[in-house]
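Peer 1: Listed below are the residues making up each chain.
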Amino acid sequence: MRGVIIFLFCIWGFTANAQYRFDNILYGAAYYSEYMPSERLDEDIKMMKEAGVTIVRVGESTWSLFEPQEGVFEFAWMDRILDKMHEAGIKVILGTPTYSIPAWMATKYPEVLAEHTNGGKAYYGIRQNMDITNPTYLFFSERIVRKMMEHFAKHPAIIGYQVDNEVEARGINNRDYFIGFRNYIKDKFEGSLPLLNKEWGLNYWGMNINTWEDFYQRDGVTNPSYKNEWERYNRKRLAEFLNWQCDIVNEYKGNDQFVTHCFMPYFHNIDQVESFRQMQYPAINIYHDVQDKQNGQWIAYSGDYMRTVAKGNYIVTETNAQAIGWSCRHQHPPYDGQLRQNVYAHLASGANMVSYWHWHSLHYGQETYWRGILGQDLKPNRVYKEFASTAKELKSIGADLVNLSKDNKVAILYSHDSYHAMKFMPYTDKKHYPVEMIHSALYNQNIESDIVPCDQWTDFSKYKMLVIPPLYVATDSLLEKIDKFVKGGGYVVMLYKSGYCNEHSAVRATLAPGPLRKACGFYYQEYANIPDLPLKDNAFGLSGNQISDWYEFLIPETAKPLAYADHPFYGKWPVITENDYGKGKLIYVGTYPSLELLEKIILKTAKDAGLISSINDYRFPIIMRSGRNESGKTVHYVFNYSAGSMIINNPYPDCKELISGKTIGNEIKLAPWDVKIICEQ
Amino acid sequence: MRGVIIFLFCIWGFTANAQYRFDNILYGAAYYSEYMPSERLDEDIKMMKEAGVTIVRVGESTWSLFEPQEGVFEFAWMDRILDKMHEAGIKVILGTPTYSIPAWMATKYPEVLAEHTNGGKAYYGIRQNMDITNPTYLFFSERIVRKMMEHFAKHPAIIGYQVDNEVEARGINNRDYFIGFRNYIKDKFEGSLPLLNKEWGLNYWGMNINTWEDFYQRDGVTNPSYKNEWERYNRKRLAEFLNWQCDIVNEYKGNDQFVTHCFMPYFHNIDQVESFRQMQYPAINIYHDVQDKQNGQWIAYSGDYMRTVAKGNYIVTETNAQAIGWSCRHQHPPYDGQLRQNVYAHLASGANMVSYWHWHSLHYGQETYWRGILGQDLKPNRVYKEFASTAKELKSIGADLVNLSKDNKVAILYSHDSYHAMKFMPYTDKKHYPVEMIHSALYNQNIESDIVPCDQWTDFSKYKMLVIPPLYVATDSLLEKIDKFVKGGGYVVMLYKSGYCNEHSAVRATLAPGPLRKACGFYYQEYANIPDLPLKDNAFGLSGNQISDWYEFLIPETAKPLAYADHPFYGKWPVITENDYGKGKLIYVGTYPSLELLEKIILKTAKDAGLISSINDYRFPIIMRSGRNESGKTVHYVFNYSAGSMIINNPYPDCKELISGKTIGNEIKLAPWDVKIICEQ
Amino acid sequence: MRGVIIFLFCIWGFTANAQYRFDNILYGAAYYSEYMPSERLDEDIKMMKEAGVTIVRVGESTWSLFEPQEGVFEFAWMDRILDKMHEAGIKVILGTPTYSIPAWMATKYPEVLAEHTNGGKAYYGIRQNMDITNPTYLFFSERIVRKMMEHFAKHPAIIGYQVDNEVEARGINNRDYFIGFRNYIKDKFEGSLPLLNKEWGLNYWGMNINTWEDFYQRDGVTNPSYKNEWERYNRKRLAEFLNWQCDIVNEYKGNDQFVTHCFMPYFHNIDQVESFRQMQYPAINIYHDVQDKQNGQWIAYSGDYMRTVAKGNYIVTETNAQAIGWSCRHQHPPYDGQLRQNVYAHLASGANMVSYWHWHSLHYGQETYWRGILGQDLKPNRVYKEFASTAKELKSIGADLVNLSKDNKVAILYSHDSYHAMKFMPYTDKKHYPVEMIHSALYNQNIESDIVPCDQWTDFSKYKMLVIPPLYVATDSLLEKIDKFVKGGGYVVMLYKSGYCNEHSAVRATLAPGPLRKACGFYYQEYANIPDLPLKDNAFGLSGNQISDWYEFLIPETAKPLAYADHPFYGKWPVITENDYGKGKLIYVGTYPSLELLEKIILKTAKDAGLISSINDYRFPIIMRSGRNESGKTVHYVFNYSAGSMIINNPYPDCKELISGKTIGNEIKLAPWDVKIICEQ
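Chains as they are written, first to last, in this note's numbering: chain A, 51 to 731; chain B, 51 to 731; chain C, 51 to 731.
You may find that some hints are simply not true.
Which copy is meant is left open, so a pair is good if it fits within one copy or across any two.
To be verified - Distance condition first, Cα-Cα at most 30 angstroms in a straight line; then the derived DSS-like pairs of lysine-lysine:
#	residue 1	residue 2
1	K719	K706
2	K343	K480
3	K248	K99
4	K277	K171
5	K236	K158
6	K429	K568
7	K248	K96
8	K481	K586
I should point out that these hints are in silico values taken from the structure, not numbers from a laboratory.
Because the structure is a prediction, the values reported are computed rather than measured.
Whenever a hint applies, use it, and build me the whole structure from the sequences.
Peer 2: Written out as structure tokens, the structure is:
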């Protein structure tokens with residue numbers, strides 16, 4: 051088995067780029083020697099070594115030190131850091147610093163600063179305040195990246211480069227940006243104004259246009275088609291920006307170095323697939339709840355998405371060490387054991403590296419209370435000690451954990467377009483695009499899933515079951531793919547509003563749900579916002595209010611009603627149905643379900659799809675995650691997300707627990723916030 | 051009897067303008083063929099005919115199609131619609147499209163866009179974003195209106211013209227608009243700065259002015275006198291704008307065509323009397339609650355106001371078909387029977403036409419979820435069917451319902467000035483000008499009323515009883531008219547703060563309530579904001595908290611205390627009093643009453659005034675509304691605003707129920723959301 | 051004894067300036083004859099005389115009448131007022147009118163108007179809308195002040211001058227103001243950019259600067275060090291402005307006249323010590339709760355602060371007469387007796403004058419509902435009558451009350467810097483700088499205190515006990531003074547976050563609480579935001595939730611734990627500790643305490659410090675305040691802040707009650723909202 055995997059890896063390595071090879075988990079932190087109140091590089095490295103740090107991330111935040119004046123470059127200070135890290139055997143990821151411009155640029159070239167809608171504008175004094183498409187900004191960005199690469203590319207400490215940092219468009223509305231949008235639209239509609247007017251419905255309120263000069267700017271726009279296309283344009287420009295930087299870095303980087311960018315787990319505003327095109331490892335910055343709210347779900351959600359996009363492993367460039375926040379209103383330091391537990395949660399989703407933000411806590415600036423491994427006292431502390439003991443574990447077992455692969459049979463379909471389009475026409479004060487709730491419903495019942503960006507990827511052949519958040523905006527082609535998936539034997543749980551609009555965010559002029567009508571087995575003409583309501587006859591065995599916010603008046607054709615609202619008017623129409631279609635089945639939920647209800651629906655469907663095994667006897671707070679390691683052995687992570695001790699039946703007898711190195715018997719005992727890692731022998 | 055009415059009608063027709071003659075109720079919808087995703091005019095007209103549509107409203111929203119480029123006019127597309135409507139026997143109201151400018155105008159003449167206070171400004175991408183006093187805008191407006199009238203005026207399908215749409219000032223603060231205000235003030239004060247300084251109290255904070263150049267713009271103003279005059283100026287400019295358009299349309303229109311404008315039922319920002327001066331029918335767009343909140347009150351309130359202003363009948367140009375909203379947070383489609391019930395509610399207040407917004411639901415744009423008779427699927431549906439059956443009823447009985455007239459003995463005095471002046475000095479977080487609550491208190495007890503705009507009209511001679519919301523700003527003359535009304539035998543229920551300020555929104559330098567002191571029979575020097583409090587000794591037979599927010603410390607002279615707060619301090623002073631004055635009586639309420647308390651006060655006063663009959667034994671959810679039809683016969687509408695069936699004693703024995711065509715006995719049976727129409731024989 | 055005090059007074063009088071000598075309490079109101087709707091100066095003075103008014107405050111609000119056009123001056127109207135007041139024996143404080151500019155200035159010199167961050171700007175139409183550092187504004191200000199002083203300085207009615215009014219920076223961000231800030235920073239850092247970059251941590255996000263031209267404006271700044279220095283700069287410019295005006299007035303004023311400025315009791319935005327430098331009497335405008343919330347605490351707090359800053363007596367230039375508010379949402383007229391009670395509360399804290407805002411209520415303008423002694427009816431009323439009877443009492447006993455002195459042993463340390471710095475990094479939605487709660491905890495238990503602005507004054511030698519709100523920002527030197535205070539025998543109650551940052555609002559790079567570690571007897575490395583929690587084992591005898599918002603994980607070295615959170619995680623660390631240190635003791639509260647808990651901690655500490663006597667057997671609503679009058683006799687005020695009658699044991703037998711003139715026995719009887727004044731014989 052191992053041979054096959056290694057072979058596949060080589061193919062991948064070849065078709066992608068040659069790159070850094072992870073042979074163990076990397077564990078470390080971002081490190082800003084330049085932020086220290088006094089010189090202590092040697093002291094820091096000594097403390098890192100003692101703690102078991104194997105990776106540091108440097109350089110992405112300090113353009114002003116690399117180029118203190120326009121055209122004056124200083125790299126020696128970083129050479130010294132890199133040299134000492136290398137000497138200490140600590141690997142380095144070097145960032146390009148383009149997300150935070152130096153003061154001299156804002157002073158001399160104020161046109162680089164972002165302008166926002168309705169007269170708003172960005173000022174200097176914070177990061178990410180520029181128009182990333184401005185040529186002046188791009189000129190200086192290219193120069194600093196090239197200078198840095200020329201200088202640092204060959205440094206043996208460096209295993210990879212991070213281009214920019216947590217990029218987002220953040221409301222850019224400068225003139226050049228808008229003209230770029232107009233040209234993008236011109237291209238998209240092949241110059242046809244009649245087509246544009248028709249598809250966007252610009253006749254409405256008499257706002258159609260007859261020359262491209264009349265195409266109006268974003269500020270006062272109410273048209274949802276325009277707004278959604280503007281969001282696509284944002285995502286396109288961001289991807290272009292990242293690809294452009296990758297191109298530059300790729301000219302210089304060594305074959306054994308990778309390029310990455312750290313995404314944020316609010317995935318809505320960037321096109322991860324396009325942005326990742328030229329990278330070897332996507333990175334993610336995951337900040338999550340801790341203390342009593344620690345549940346691993348956000349880590350798993352972020353990881354499941356990045357792993358799907360990466361078609362393999364990813365790295366975690368930032369995550370909570372001590373408490374975090376831009377104010378000090380949300381200081382929640384982890385309970386004992388939680389830091390360690392989170393590390394394994396990352397690895398259980400396919401991460402190959404966990405790096406905290408950051409090594410030390412800042413003494414000044416906006417993020418004084420975004421605290422690193424060390425506090426401002428720069429002395430060992432509770433979290434430092436837990437880092438050290440976890441690092442020791444990783445040193446011993448990391449090689450068995452690295453390069454985890456998964457073969458999930460369930461996928462969640464994530465749609466950037468639907469997320470945005472529904473935001474322009476909100477139907478709820480709750481989360482309007484409940485993709486996280488869907489993931490929770492799977493996660494809580496130990497059903498692992500991929501998260502597929504379905505606006506870009508529509509090959510669902512490797513999956514047995516799809517769970518689809520409101521797919522409000524979709525091409526006919528995507529909807530046909532879903533139809534085909536069911537017909538061919540797939541199982542689908544689909545939420546309300548799916549199929550309602552076409553790719554222009556315009557409502558389809560057919561009986562809803564449009565092209566999905568056959569697969570769904572019903573149509574509907576009406577819907578309503580509803581208060582919290584129970585289901586009639588305790589459907590799904592649930593009492594109490596289980597649905598809210600939205601109710602479609604489904605009129606079954608071939609579908610079988612599964613549940614109705616318990617309400618004299620709405621209750622005339624079923625709202626959850628199942629439809630046997632071809633060899634598969636589609637369960638439709640025409641209302642906003644409670645998490646409890648959604649879990650029942652998903653469990654029932656997963657059973658029908660044959661995806662349920664003994665591990666699904668357990669549910670949160672016992673969480674199990676699995677994958678195959680490089681040796682082809684299955685590794686099972688068993689987490690206890692609670693403050694109480696737990697004993698469960700061991701579903702993996704004859705396996706070894708890796709941390710303790712012992713074979714375990716019929717029971718698995720878990721301390722509070724504990725994890726066991728069980729590996730096939 | 052009928053002869054008299056016809057005679058009166060002729061007189062009216064002569065003194066006003068010759069105009070379209072309603073001989074039946076019109077029932078239909080706004081229709082935008084130009085918004086359809088594909089050609090279906092014939093199909094739509096076929097569906098209209100099948101459903102019984104008799105009127106459509108067209109054209110007001112599509113300037114850009116009439117004039118796609120500056121000076122290029124295209125009317126053929128509308129000719130085709132008008133021709134086909136005419137052919138189908140469907141009448142048409144044609145709108146002038148000036149409320150939504152074409153994109154080319156905003157691009158080429160950005161000065162037409164509205165500027166707001168404090169640097170805000172309007173952008174293109176939405177309707178009603180222009181300075182309606184801008185000469186460029188007026189030039190193009192006049193041209194398009196003339197071109198349209200030249201082209202369409204003779205079309206036989208057209209029964210009337212709507213000028214503009216839901217006009218409001220919406221924060222215009224352009225330079226020309228401000229200079230216009232300065233000139234308006236100069237005129238008003240006959241050029242006397244000393245007078246202005248004195249009346250507005252500009253010495254305060256040393257903000258008096260000594261040349262007109264120093265007269266400062268609206269942005270930073272805190273002075274309530276200035277603010278209130280600014281609101282008057284807004285109303286004046288809007289009325290001028292509408293009258294100016296009417297003038298143009300009147301040059302062209304036929305004698306059998308009317309001019310109208312659709313007002314909104316939040317009446318505060320426009321002077322209906324001035325604006326309506328040159329029209330023949332005022333129109334109103336009424337959007338109201340439905341489902342469990344359907345109660346007909348907002349329909350009655352809007353209708354009572356428009357009927358009073360019209361001194362006769364009015365038309366409803368827009369109202370709820372399916373669910374509405376600019377988001378999709380408030381989708382509440384009507385229950386079965388509610389659409390029909392609302393039609394009769396409009397007619398029961400004096401409407402001669404009910405037209406939905408709109409025929410079909412938009413596939414794109416801001417109002418995608420403001421749903422018409424048809425959904426986006428463009429197929430017959432539940433609401434379409436209820437439209438059709440209601441249209442059938444109307445066809446059979448409409449001639450008996452049209453041109454309803456009323457002779458109410460109760461009037462609510464509505465004051466634009468008081469509404470605004472109190473908003474600048476708010477005393478509550480509830481509605482600060484509870485005119486709707488007053489209307490509800492009458493409506494709920496089946497006491498019908500007119501609503502008189504008392505800033506303009508002060509002849510109360512036809513009424514027996516007035517109910518007066520806080521008349522915070524009033525001329526001495528108006529207050530004297532009220533004094534005289536009571537003295538002459540009238541009954542008045544008056545709310546707190548009345549008489550407090552003069553016409554400059556300046557507090558009178560006399561013991562409150564100033565010129566009302568004699569009629570009220572008390573004075574007061576103090577007042578307080580209070581929490582929710584009960585009345586002492588369960589006055590008016592009410593326990594629980596009945597008053598809140600405001601409490602005047604009344605010191606009776608001739609008045610008799612009716613109620614005190616149950617509070618150790620406030621309870622020293624009565625807060626509800628009655629005063630026999632001349633031949634009449636004035637009940638004063640120096641506090642914010644609960645609806646329950648206000649109903650008791652109003653019922654008691656109406657009894658004293660001799661205005662109570664057996665129909666007042668019923669109250670909401672049984673609502674009765676009456677009037678005389680053209681034949682001089684009294685028509686009684688009996689509504690059941692509840693989800694349960696109702697049986698009541700029939701107060702109109704020997705009458706015929708029009709819909710069923712049957713004489714009814716001692717009982718009236720009403721299904722849920724039902725209505726009976728009982729007509730004298 | 052008396053001789054000593056008189057001698058001291060002479061010294062003070064000499065070292066400060068010769069000045070007006072208070073030999074009795076002054077009692078009156080601000081008076082704006084120029085705001086009256088009609089001429090009634092004689093009538094007003096007649097009413098004042100009848101009521102016992104002895105002081106009026108005039109002129110500060112009407113620049114536009116003194117200088118109706120640029121360079122045209124009119125003073126006769128005020129001469130007439132001054133003459134008539136003098137004739138009536140009413141003393142006058144004349145204000146300079148610079149806080150509200152005339153309209154002509156804004157029109158002709160719009161550059162005087164304030165500009166705010168992010169493009170905001172001030173408009174004309176309100177007071178305090180100018181850049182007080184603008185040279186044009188200063189030119190006109192100087193001229194009007196000189197003209198007024200030239201004209202009025204010798205008027206015998208005038209006892210003092212008020213420069214400007216309630217000055218604050220109110221967001222000034224004009225170009226000149228910013229350049230001034232840059233120069234201020236340049237001076238502060240002696241031109242060293244490296245030092246600035248280092249101390250403010252500008253390397254963070256690469257925002258360090260390399261030329262002063264790159265020093266960026268306030269708008270987009272996130273750096274807390276910058277923000278806090280900006281606040282200091284605001285305070286500095288305000289103090290300079292006031293001192294500059296004082297210099298001018300001092301050139302003209304007579305030796306028997308004083309200069310003052312009316313501060314606001316939200317002390318945060320102005321440096322009272324610096325601003326008061328050249329004045330003889332600080333004044334304060336105190337607006338406080340009344341009715342059921344009347345408790346005297348805000349009066350005492352404000353008075354304790356001003357008395358400390360004045361090192362003696364102060365005057366009250368504005369306070370509630372009738373109800374107040376910029377809207378009419380908060381009209382709460384005083385209960386009978388409350389107006390009188392408040393007068394004595396002012397005197398009990400060291401005030402020599404109480405003057406209401408204002409004599410009459412405005413008929414127009416923003417403050418129509420900020421009601422004076424007279425209502426808009428300008429007739430005698432309930433409050434006028436209570437004024438008159440109180441004035442009568444003062445006339446009889448005022449000479450025994452004036453020039454009260456105190457020798458408090460407890461001080462609260464107030465830090466402007468800490469207030470602001472914590473606001474930039476908020477840790478709570480409650481008041482983030484609970485100095486008022488600390489004062490309440492003392493006040494409620496009848497422990498009198500001074501309030502020392504500790505950023506400026508660090509000589510604590512006259513005190514036995516300090517109570518320290520979160521001293522988040524402090525120099526090493528200040529912290530060392532506190533250390534020394536404890537070591538030398540002082541008692542300290544200190545709240546969380548003290549010592550955390552240095553004078554640049556940068557976190558100290560040492561174990562917290564930095565230089566306080568020894569005196570505190572612990573260190574800590576972690577902290578958390580907590581929900582409401584109880585203390586373990588009902589520490590301090592308190593059950594229920596007693597702590598919230600913040601929790602420091604204290605690790606005692608020499609300190610003794612007093613309380614822990616009742617929580618499985620946080621409860622591992624004590625959060626209230628006491629530490630015997632040298633001859634003194636420091637109680638540290640590492641959490642946000644309830645008022646109840648804080649009272650217990652303070653009482654315990656005050657007991658340990660030997661500061662508790664029999665009067666502390668009483669607590670709110672019985673409040674006792676004391677001081678020595680000019681004759682050296684101790685005067686005790688005993689207040690009943692409740693709506694019920696009270697009888698207490700008399701702690702001062704053999705003393706005379708001044709108002710009644712009677713010796714009282716073993717009991718003091720207090721009517722609702724009553725006060726007794728008991729004087730040693």
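Peer 1: Does each hint fit the structure? Answer for all of them.
Peer 2: Do the hints match the structure? See the list:
In the homo-oligomer, the alpha carbons of K719 and K706 lie at most 30 angstroms apart inside one protomer (14 angstroms), although the nearest pairing across protomers, at 79 angstroms, exceeds that limit. Proximity of K343 to K480 under the C-alpha cut-off of 30 angstroms is found in both arrangements, the shortest distances being 19 angstroms within a copy and 24 angstroms between copies. Taking identical chains as interchangeable, the C-alpha atoms of K248 and K99 lie at most 30 angstroms apart only when they sit on different chains, with a minimum of 27 angstroms there against 65 angstroms within one chain. In the homo-oligomer, the alpha carbons of K277 and K171 lie at most 30 angstroms apart both inside one protomer (20 angstroms) and across protomers (20 angstroms), since each shortest distance falls under that limit.
When the C-alpha separation of K236 and K158 is checked against a cutoff of 30 angstroms, the pair qualifies only between copies, where the shortest distance is 20 angstroms, while the shortest distance within a copy is 34 angstroms. For a Cα distance limit of 30 angstroms, the shortest separation of K429 from K568 across copies, 18 angstroms, qualifies, whereas the shortest one inside one copy, 65 angstroms, does not. Only between protomers do K248 and K96 lie at most 30 angstroms apart by alpha-carbon distance; the minimum there is 24 angstroms, versus 67 angstroms within a single protomer. Proximity of K481 and K586 under a CA criterion of 30 angstroms is satisfied intra-copy only: 25 angstroms inside one chain copy versus 39 angstroms between copies.
Consistency note: the structure conflicts with none of the earlier hints.
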